[in-house]
Amino acid sequence: MATGTPLERKPLTFAERTYVPQIVSGLKTTWKHLVKPKETLEYPEQRPAIPVGYRGVPTLVKDPNGREKCVSCQLCEFVCPPKAIRITPGEIAPDAPTGHVEKAPKEFEIDMLRCIYCGMCQEVCPEEAIWLQNQFSMTGYTREEMVNNKARLYEIGGTLPDSHFKWDKKKSAETHGNDRH
Amino acid sequence: MIELWQNLHPVVQGVLKGLAVIMVIFPIGGACSMAERKVSAWIQGRPGPNRAIVPWVSWIPVVGPFLQRLGIFHVMADGGKMLFKEDALPGHVNKFYFVLAPIVAMMPALTTVTAVPFGAYLDEAGKVIPIALANVDIGLLAVFAVSSLGVYSLILAGWASNSKYPFLGGVRASAQLISYELSMTLSIVPLFLWVNAPGLEATLGLGRLVEFQSQPGFLGGMWFIFLMPVSAFIFITALFAETNRQPFDMPESEADLVGGFHTEYGAFKWGLFFVAEYAHMVIGSGVFTLMFLGGWNPLPWVSLADLVGWLSALSPLLAHPIAVGLLSIGIFLGKVLALIFFFMWVRWTVPRFRYDQVMELGWKKLLPLSIANLVFYAIAIAVIQTK
Numbered sequence: 001m002a003t004g005t006p007l008e009r010k011p012l013t014f015a016e017r018t019y020v021p022q023i024v025s026g027l028k029t030t031w032k033h034l035v036k037p038k039e040t041l042e043y044p045e046q047r048p049a050i051p052v053g054y055r056g057v058p059t060l061v062k063d064p065n066g067r068e069k070c071v072s073c074q075l076c077e078f079v080c081p082p083k084a085i086r087i088t089p090g091e092i093a094p095d096a097p098t099g100h101v102e103k104a105p106k107e108f109e110i111d112m113l114r115c116i117y118c119g120m121c122q123e124v125c126p127e128e129a130i131w132l133q134n135q136f137s138m139t140g141y142t143r144e145e146m147v148n149n150k151a152r153l154y155e156i157g158g159t160l161p162d163s164h165f166k167w168d169k170k171k172s173a174e175t176h177g178n179d180r181h
Numbered sequence: 001m002i003e004l005w006q007n008l009h010p011v012v013q014g015v016l017k018g019l020a021v022i023m024v025i026f027p028i029g030g031a032c033s034m035a036e037r038k039v040s041a042w043i044q045g046r047p048g049p050n051r052a053i054v055p056w057v058s059w060i061p062v063v064g065p066f067l068q069r070l071g072i073f074h075v076m077a078d079g080g081k082m083l084f085k086e087d088a089l090p091g092h093v094n095k096f097y098f099v100l101a102p103i104v105a106m107m108p109a110l111t112t113v114t115a116v117p118f119g120a121y122l123d124e125a126g127k128v129i130p131i132a133l134a135n136v137d138i139g140l141l142a143v144f145a146v147s148s149l150g151v152y153s154l155i156l157a158g159w160a161s162n163s164k165y166p167f168l169g170g171v172r173a174s175a176q177l178i179s180y181e182l183s184m185t186l187s188i189v190p191l192f193l194w195v196n197a198p199g200l201e202a203t204l205g206l207g208r209l210v211e212f213q214s215q216p217g218f219l220g221g222m223w224f225i226f227l228m229p230v231s232a233f234i235f236i237t238a239l240f241a242e243t244n245r246q247p248f249d250m251p252e253s254e255a256d257l258v259g260g261f262h263t264e265y266g267a268f269k270w271g272l273f274f275v276a277e278y279a280h281m282v283i284g285s286g287v288f289t290l291m292f293l294g295g296w297n298p299l300p301w302v303s304l305a306d307l308v309g310w311l312s313a314l315s316p317l318l319a320h321p322i323a324v325g326l327l328s329i330g331i332f333l334g335k336v337l338a339l340i341f342f343f344m345w346v347r348w349t350v351p352r353f354r355y356d357q358v359m360e361l362g363w364k365k366l367l368p369l370s371i372a373n374l375v376f377y378a379i380a381i382a383v384i385q386t387k
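Residue numbers (the working numbering), protein chains in the order written: chain A, 1 to 181; chain B, 1 to 387.
Check each hint, because a few of them may be wrong.
[As the list claims (entries may be wrong)] Beta-carbon label-pair distances, calculated as ranges:
(1) A:G53 / B:M23: 43 to 49 Å
(2) A:G140 / B:V15: 37 to 43 Å
(3) B:S58 / A:N149: 36 to 42 Å
(4) B:I103 / A:P81: 56 to 62 Å
(5) A:T18 / B:L16: 35 to 41 Å
(6) A:P37 / B:S163: 40 to 46 Å
(7) B:M107 / A:K28: 17 to 23 Å
(8) A:E107 / B:F84: 27 to 33 Å
[Unchecked claim] Take a look, some chain A residues computed to stay more than 10 Å from chain B by CB distance:
(9) G4
(10) G26
(11) T88
(12) S137
[To be verified] Only pairs whose alpha carbons sit at most 20 Å apart, straight line, appear in this in silico EDC-like list of lysine to aspartate or glutamate:
(13) A:K171 / A:D63
(14) A:K28 / B:E36
(15) B:K365 / A:D63
(16) A:K32 / B:E36
The hints are simulated quantities; they were obtained by calculation from the structure and are not laboratory data.
Remember, predicted model here, so these are calculated numbers, not experimental data.
Virtual Cβ for every residue (Gly too), placed ideally from N, Cα, C.
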């Protein structure tokens with residue numbers, strides 16, 4: 001509800017009614033815009049600065065030791081709202097260096113025609129294995145090209161630093177006893 | 001060379017001169033369409049069209065990229081597109097008049113240029129001779145008479161389209177033209193009262209106006225925009241309305257009438273309307289330059305003859321009639337292009353008027369103002385010139 005007295009409108013002065021001073025000041029404003037540097041980012045040559053926490057194309061990452069982080073728990077597959085992720089779980093051979101991790105994806109596909117870049121897969125991942133990174137432009141000529149398979153996901157994902165090395169700790173606890181207790 | 005020219009039949013001479021002028025007007029029209037896009041972009045903080053380039057031009061080191069940034073090749077791309085796309089003829093139109101309208105649009109636009117002098121040279125006696133296709137005595141009257149025919153094409157297009165928006169656009173075009181033609185003509189009567197001083201041969205030629213603006217002395221060298229600012233203001237406002245530029249783009253009214261009179265047009269026929277609009281703008285700016293901005297005189301109080309005097313001190317070659325002619329045409333074109341830039345600048349500054357505001361401004365403001373202006377100057381000129 002409006003309170004108080006409404007503002008009284010002053011009658012226009014003669015100069016204002018001729019409309020000319022207003023046009024002149026308007027011309028001054030547009031002239032300022034004409035000469036100032038342009039706002040446009042000329043895209044393919046100039047790239048935008050990607051802010052921290054940007055949600056680009058989802059990728060799979062490896063830890064600094066080169067171990068693939070995903071253990072194919074399929075949580076991301078279940079949480080994915082548009083059902084863009086399809087995981088075929090596989091086993092790691094017991095005699096491999098990371099045999100104690102037991103599972104890794106045999107195939108991991110993200111259909112980028114379905115993905116809505118919501119980041120829920122990254123949020124739900126207990127292994128911090130899936131990350132939405134900086135890549136924002138994803139193109140292809142066919143529908144098949146737009147499905148990122150496991151090799152491609154690791155290729156664009158690369159390696160991210162790890163502060164836990166959770167599975168190394170588990171292995172050392174198994175062999176040397178848990179020093180945390 | 002000059003003898004060969006003078007031995008040609010006058011008709012052949014006329015045709016060649018006419019073609020030469022058209023060869024200048026058409027590229028200026030094309031360049032204007034590009035300038036329109038560039039100026040719009042700059043005012044909106046964008047660089048504007050700057051990508052198209054022909055490969056062999058891109059091989060030139062500095063000039064190639066510069067031309068690319070300037071968007072020169074987009075003009076060709078636009079023109080090529082307009083020429084080669086399908087020229088659709090809607091089924092519901094009156095075909096004869098529908099096709100006739102764009103042709104009628106071009107004719108007055110290119111005819112008016114005959115009466116507009118666009119440069120000058122000095123003959124042996126040092127007298128300034130205007131360069132024009134036809135330096136006729138009725139000058140301005142011819143320009144006004146023919147250029148107002150341009151509105152027929154809009155009415156014809158609107159009517160022949162047999163559809164509501166073009167029809168409204170055509171009606172608006174005619175109403176707007178009638179409203180502003182009056183104040184436009186009245187606004188320049190004082191000029192001709194002034195230049196047809198007692199003892200001189202009476203004329204409506206545009207050359208005489210420039211002659212009057214290149215006299216020695218403070219008042220003599222003064223451009224008419226300083227001497228009669230109200231006339232200049234009314235004339236340029238009416239010119240905006242006559243050339244259907246924003247803020248008076250009633251016939252087109254992109255905002256409320258889709259495309260106005262050219263809603264049903266496409267491809268080359270639409271392109272003709274477009275070029276005709278720019279040609280009108282060029283001619284209108286030319287007439288304004290001649291009347292108020294001193295024509296081919298480089299600066300106020302500095303006439304072309306003064307400039308040539310200084311230049312011939314440098315080199316006698318610069319005083320050659322051809323050099324002077326080119327120089328004067330260059331000065332004149334520079335002023336015209338600056339004025340066209342002003343048209344574009346205003347387009348992005350002043351919001352467009354509503355239709356009733358256009359009518360009110362024309363009939364209730366500009367017409368009384370131009371009559372008052374005429375009465376004032378008539379009395380003043382009578383007092384000064386009969387002293």
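Outcome of the hint check:
{"no.": "1", "hint": "A:G53 / B:M23: 43 to 49 Å", "verdict": "60 Å, violated"}
{"no.": "2", "hint": "A:G140 / B:V15: 37 to 43 Å", "verdict": "59 Å, violated"}
{"no.": "3", "hint": "B:S58 / A:N149: 36 to 42 Å", "verdict": "39 Å, holds"}
{"no.": "4", "hint": "B:I103 / A:P81: 56 to 62 Å", "verdict": "60 Å, holds"}
{"no.": "5", "hint": "A:T18 / B:L16: 35 to 41 Å", "verdict": "48 Å, violated"}
{"no.": "6", "hint": "A:P37 / B:S163: 40 to 46 Å", "verdict": "45 Å, holds"}
{"no.": "7", "hint": "B:M107 / A:K28: 17 to 23 Å", "verdict": "40 Å, violated"}
{"no.": "8", "hint": "A:E107 / B:F84: 27 to 33 Å", "verdict": "50 Å, violated"}
{"no.": "9", "hint": "G4", "verdict": "31 Å, holds"}
{"no.": "10", "hint": "G26", "verdict": "4 Å, violated"}
{"no.": "11", "hint": "T88", "verdict": "45 Å, holds"}
{"no.": "12", "hint": "S137", "verdict": "18 Å, holds"}
{"no.": "13", "hint": "A:K171 / A:D63", "verdict": "16 Å, holds"}
{"no.": "14", "hint": "A:K28 / B:E36", "verdict": "19 Å, holds"}
{"no.": "15", "hint": "B:K365 / A:D63", "verdict": "78 Å, violated"}
{"no.": "16", "hint": "A:K32 / B:E36", "verdict": "18 Å, holds"}
When the structure is compared with the earlier hints, violations turn up for hints 1, 2, 5, 7, 8, 10, 15 and for no others.
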